[in-house]
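Start from chain A and add chain B according to the hints.
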Amino acid sequence: MKSLRRDVSADPHAANVTSKVFVRSTKSGKVQKIVRELYLRQDIPCSSKLCSTCPYLAPTDANGNIAPFVLSDQPAGTSDFPRGHYLVPDTNALLNGMDLFEHTGAFYDVIILQTVLEELRNQSLPLYNRLLSLIKTDEKRFYLFFNEFRLETHVRRAQDESINDRNDRAVRAVATWYSEHLRATIRKGKKEKSIPAIVVITDDKDSLRKAKDEGVTALSLPEYVASLDDSDRLLDMINESREAREAKGARGELFYPEYYTMSKLQTGLRAGTLHQGVFNVSPYNYLEGSVNVAAFDKPLLILGRENSNRSIAGDAVVIEVLPKDQWKSPSTKIVEEETVTKNDNPDAGDTEAVVTERERRALQEEVKQAHGRNSEGKPQPTAKVVGVMKRNWRQYVGHVDSGSTGQAASGRRQQTVFVLPMDKRVPKIRVRTRQASELLGQRILVTIDAWDRDSRYPTGHFIRSLGELETKGAETEALLLEYDVQYKPFPKVVLDCLPAEGHDWKVPASKDDIGWKGRRDLRDLLICSIDPPGCQDIDDALHARPLPNGNFEVGVHIADVSHFVKPNNAMDLEASVRGTTVYLVDKRIDMLPHLLGTDLCSLKPYVERYAFSVLWEMTPNAEVVSSSFTKSVIRSREAFSYEKAQKRIDDASQKDELTESMRTLLRFSKILRQKRMDAGALNLASPEVRIEADNDEVGDPLTDVKTKSMLATNSLVEEFMLHANITVASKIYDTFSQTALLRRHATPPPQNFEDLTNQLSKKRNMRLDVSSSGALADSLDKFVDPENPFFNTLVRILATRCMTSAEYFSAGAHAEPEFRHYGLASPIYTHFTSPIRRYADLLVHRQLASAIGYEGENGRAQVEGVMTRNRLEDICRNINYRHRNAQFAGRASIEYYVGQALKARGEKMSSDGGDGGIEEDGYVMRVFENGVVVFVPRFGIEGVVRLEDFVLPGDSTLRSVEERRELIVRRESDFDNEEYTIHVSDKGQTDKNRGMTVELFQRVKVNVSSVKEESGRGAGKRRVRILVLGGAK
Amino acid sequence: MPLDTSTTYPLTKLRLDGRRWNELRLLQAQISTNPASSGSSYLAMGNTTIMCSVHGPAEGRRGDATGGSAGSSGAVVEVDVNVAGFAGVDRKRRAGGSDRQSSRIATTLRAAFQSHLHTYLYPHSTISIHVSVLSADGSLLAAAINACTLALVDAGIPMPGLLCGCTAGMSGSASTPRDPHNDELDPLLDLSLPEEQELPFLTVGTTSSIPVGENAMDTDEEEMKVSMLNMDSKVHCSYVETMLAVGIDGCKQIREIMEGIVKGSKRLR
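Respectively, the protein sequence lines represent chains A and B.
Sequential numbering of the first sequence, starting at 1, is according to full-length UniProt numbering.
Sequential numbering of the second sequence, starting at 1, is according to full-length UniProt numbering.
Hints are computed from structural coordinates only; laboratory data are not their basis.
These numbers come from a predicted model, not from an experiment.
Treat the hints with care, since some could be wrong.
Okay, derived cross-link-like pairs now, DMTMM-like style, lysine to aspartate or glutamate, Cα gap no bigger than 20 Å in a straight line [to be verified]:
| no. | chain 1 | residue 1 | chain 2 | residue 2 |
| --- | --- | --- | --- | --- |
| 1 | B | K13 | A | E37 |
| 2 | A | K328 | A | E306 |
| 3 | B | K13 | A | D43 |
| 4 | A | K20 | B | E256 |
| 5 | A | K20 | B | E23 |
One chain only, chain A, in its complex shape (with noise of 0.2 Å):
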């Protein structure tokens, strides 16, 4: 018998022919031999410009092309390689280094080995895709190349060779060979002199050491900044975290406990002995959080630092539950970590412990306060955190906190300072700098690192500075980039997908035009739009007309912004990346490029636009008849404005068919509207205000902050969107029963409303009925306090507060009876009637288009709404984030405004000698044992105010911050948490006379202003502070 093994000899390519084996565990914990082939190459270009031979051998793919030549032919030099360097970083320079690679200034004409990509995507897969991303861009010229692949740099691995070890060696090879290779290959006419060195960056030391042996440049990562123009704030951008460990070496107390091993998780996971979630951090206590686990209908609470063990809002993490003697009520106090841990010192790393004793004093009491009432017996689980399945971290935007630099700031020292991120739920960042004075009052990002045991804080590096603090540029940048919202301008693949004509677009004239084709022409109906003042997007617009019959045909007409934007170009990927356009006061964040937006798929009044319409013939009653969809040619008469078009309604001279239509509209939406009521839909509330930005210097500033109001009219326009919506949804749901884009808002359980009912039956003896949409709708209707107006608008804001929020989903995700939307009582809703500002709606125009049979200027629009399940899920997800963050953003951006608004008002005031504060009403929202919230309806703000912020018959509003502030030792509190009253009073004083009772919904005169923290650890930040005065009845 002949031996059956491969017989190399015989074949030529079989020598080039290796295997890579290595072993893998599973998550079931076998353990798995791989064994891959690998075949080894020659025609792996060096993709280096100055390459002679590289460009004939250079393989073409399947269309015959060849990947484009990356690193450039006159790379840039620096003082100590005049000739110009190619970079080769390994793993670890990437690990501590990524931000730098990233920076516009330096780090050009990059050698990326694949052996290094491999690591770091093991090692850490966020800074693996910001690789990724790096390589796809031409400009920082990174070239991935495939050591593995090539014969010549191919490395085995030797016999008791660890795998770093062998990766180094891979690293060094590469360079050796691009060095001989250049050499060899380099352009004739170029001189020798112009052949760049090949530097390969690398922290270890060892490797450093064998490079020297070998003879090949390597530098580590900080000397070869060093050497850079503008070394000293590049510095700052290298990870922090690795050096220090090393630094500290076994120096450590351990301040946190270990995380359980992966293996333990897993087993605990199944068992269900553990719970996975994401954690969250109450806004009014950073010491407690919150995880929701799939096993509880109640989320659990993490109290206090250790238990938290180094998480970080929004992280994934694995809890366990605590035994029941440690289970407590959450707190009824008010702990912000700035007033809590005002002096730590961040560069006393020996001597911190994990809890100071002030933080130890303030959860002692709060135990304490658990057990006193365990009479009244609801201690709630509580959970500590014993494994981070996935990190969240992100960038954050913060200030240095002035009171963590050193006495002596001047200079270049590196020194540990911390910065104070914007949100408060991320604790403070441990960052070392040589800039700290320069960094003291800006706006500034940062990341984390790493949070080790033996360290109380993360430790984190300086990524850039965004300007002064408060500028308007920075505090804007500073929004976007922590509501993570796209902002930079569009790129120029974007803009080339625009039409050619620019604003010059016109709807072809000839009606044999591709472009009319399947369009109906409507342009001699009476449309009208009616939006807010000064918008300059218009989505949409309307018309209704009578027909013979007697009914009435009315009209729903969208921008047809899906003519436009073709799926899969560049710029409806970055439309699905946007998601949205975000709005803040005085800035609007884009989804599409201008020129559609505000000119060719904005329906302008007296011009010709494609629109994509929706027709019902209705009864008078408003009853619809029969319903339908085209493409569409119209030309609106007139664009109002809601309060325009109210007024020429309500002009009783005005005769004309427009505003006849216009009455008709009117009428129908408050049919529709009650009927909707009827059906049990939601009147909720939000605390909005509108800025009226004029800025005319002149006036009180404080004149542009309006609160919302409702005209006929917006309701008139909403109506027919809702109903628009409700029709398409139905469409489309029924052509595509599993890649429907629809939106839902899930009922909400009934215990997120178990707070306030509580609260509602002790303070106000009212019963909120939440069995259903509808009976909410009613018990809601009837809380009505004579003597306040605005309580049942309050309750409303608190009872939106308990229910979940709408989202984006594709129909095979859901059941059909889930698709509800709880808020519009509506059995489906989708998103159609603004698609110049949501890419969802744009997604619902091109199923729509496909659905009712349109084919478009190529036939192609057939297929455009064809989509599968799986990317439409990844689409839902992404818009359903943007959609959330626009409106943080947009609300963030308004509370900022509010904010600059008083401080403009104050110092206008002081300068005429008065007093920088606005006394308002307000209404108390929430009330705990050291403070109370208070919401001001005239400015849409709530706030904490503190025991030292109630003026006592007696105080003076004129006190400064730090006046205030030396009150609170003086200050005691009272706290009913059965009635959810607090009496504050000065300590000493019994007379009840003399001190202040304040309760849940209670009406309060407040005094509102905007202070600047002069002294101590919040220095230089900008807060609006609220005073409560006293009730008010």
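Only chain B this time, still in chain A's reference frame:
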């Protein structure tokens, strides 16, 4: 594994194992490896290794219902596929019988060879083929076809030409319709196991008639026939044509290799 075909291939144009899109894996084969059988072969396509032996044509089995009825006009082909427990990454203990994968391969092979071979020459007889998969690393069906062809050639059973199998896959977003404006297509030839698990692919088997007649020597262009096509994964129809073309091209390459093996083998019998 850091490189996966769907995300990094567009960037690298190199596959997981360092091949280009149109390269076959290393294909090695021997015939007459098992003197105890009528014909046998051993074939390795990359890390997929297959041993095949053919018995027959022999007299039809007694009481074989299918053999009785269909066999009246020609020989019946029987195929038995056994995937060894150690062939994959995890050792599987198989309880005697065959699993779904191997019986599917067996059915496909039987159908392919039943119509391919000149069975009419052997009425009332049975040709039985035994395929043993020693190591599975993708393109199992294709490798099995090639191994069977070689073993059948070794057994001297007449056929119109060599039946060669090859796989072709498509990387990228192959489940959505192809964009006519963007002609970038990324087909892949001869998929390995990790690629198979990730991408849609098809297996194609082609044959060519041996030129007969006077002008047979004049025509360089040989007539290729697709005699087997199998696809288990979903792919949008606009890509199939490209995949098929790539697969057929792969078959052509494989046939040259196999012809070399057949011609190069020194038969001692």
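Exercise. Do the alpha carbons of K328/A and E306/A lie within 20 Å of each other, as the hint requires?
Worked result: Holds. K328/A to E306/A sits at ~15 Å (cutoff 20 Å).
Exercise. Between K13/B and D43/A, does the CA-CA distance stay at or below 20 Å?
Worked result: holds, 12 Å
Exercise. Taken at face value, is the distance from the CA of E37/A to the CA of K13/B at most 20 Å?
Worked result: holds, 17 Å
For this session: Verify the proposed pairing of K20/A with E23/B, using a straight-line Cα cut of 20 Å.
Result: holds, 19 Å
Problem set entry | Straight-line alpha-carbon gap K20/A to E256/B, limit 20 Å | violated, 29 Å
The structure shown violates just one earlier hint, number 4.
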